[in-house]
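Mind docking chain Z on chain E? Use the hints.
Protein chains in written order, with our numbering: chain E, 248 to 490; chain Z, 2 to 76.
Derived from the structure by calculation, the hints contain no laboratory data.
Treat the hints with care, as some may be off.
Said to hold, decoys possible - For the chain E half of the interface with chain Z, some residues (derived, Cβ under 8 angstroms), not all of them:
{"hint": "1", "residue": "Ile-333"}
{"hint": "2", "residue": "Leu-338"}
{"hint": "3", "residue": "Lys-384"}
{"hint": "4", "residue": "Gly-389"}
{"hint": "5", "residue": "Asn-411"}
{"hint": "6", "residue": "Gly-415"}
If you're wondering where the values come from, they're calculated on a predicted model, not measured in any experiment.
We put the CB at the ideal spot given by N, CA and C, even for glycine.
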Amino acid sequence: MKNILIVGGTSDISKEFIKSTYLDNNLYITYRDKKKFLEFTKDLNCEKNINNFFIDLSDLESIDNLNYSGFNNFDAVIFFAAIDIIKPFKLISNDDIKNSFNINIISSIILIRNLINYKLLNNLSSVVFLSSISGIKIGPSGHSLYSSTKAAINGLIMSLANENSKRGIRFNAIAPGLIQTKNLHDENTRIISNEDYDRYSMKYPLGLGKTNSVISLINFLISDESKWLTGQTIVLDGGFTIN
Amino acid sequence: MIDKDDFLDKFKSIFEEEDISKIDFSTEFKHLDEWDSLTALTLITIIDSNYKKVLTGENIESANTINDIYKIILS
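Here chain E stands alone, though its shape is the one from the complex (with noise of 0.2 angstroms):
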């Protein structure tokens, strides 16, 4: 039974691998909307197994004063909240930027840190960061500061996994091609048209994601299976960026 960190846990990805190990392993989630959160959880009976608890990642501070002696000692922590601003570039605001980059890159740089400086991560312990390869392989338009927050985490895994080598604690990244979510279709999140993704499933030689595609990756990477990768951003995209 492993102890698990989940950072951000109501997005469609998250929730997916919290139904898949909610049952074998120790869960803290964090999450911003209780609701969302509170909706996706009275169905598991999870009491025993989840522990969570509010963060806004966006408030860096709110970080800092995180109750770190309420938590165990970590065996993975994984990375799923990110926010996409999709604007041109031009129309950008000082506030897409901040919220941005907080959200997805700062807060957790930050919460890594606490996380070292307290002990919290054990010998042998994974961290993984959702990616994308948006930042990594391609940069689409309208998704400038996405792109830029992901290619900010494939430079931070790097050092990161070099200066944490001799403890073993290992840091890698997924960097995922477009995944088949439920939000994918809904019009309020309008990630996509309709007529936008048939155009993009054409592209994808192995057709678009499954979410558990991205879950057995995750999987692998927090298990001693993986305990000779590091420092990596793997592109798990069914061959779209090779096309």
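Just chain Z now, with coordinates in the frame of chain E:
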């Protein structure tokens, strides 16, 4: 109430290369050379931030003239 002239100015502002003096409410904006996915996104962003109305891909698909977009925002 939306100021019609102001709306047209905002619409024109999404273009950088077009001769905007030729653009009016009857312009079929999707036929302009500069119209592409990025100008579409610029339009969506400008409409959202100024009029709190989120244009969908379907909205834009169904519209031909600038006036069609204006009517969508009023609705």
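Going through the hints against the structure:
{"no.": "1", "hint": "Ile-333", "verdict": "7 angstroms, holds"}
{"no.": "2", "hint": "Leu-338", "verdict": "5 angstroms, holds"}
{"no.": "3", "hint": "Lys-384", "verdict": "19 angstroms, violated"}
{"no.": "4", "hint": "Gly-389", "verdict": "5 angstroms, holds"}
{"no.": "5", "hint": "Asn-411", "verdict": "40 angstroms, violated"}
{"no.": "6", "hint": "Gly-415", "verdict": "45 angstroms, violated"}
Of the numbered hints given earlier, the model fails hints 3, 5, 6; all others are met.
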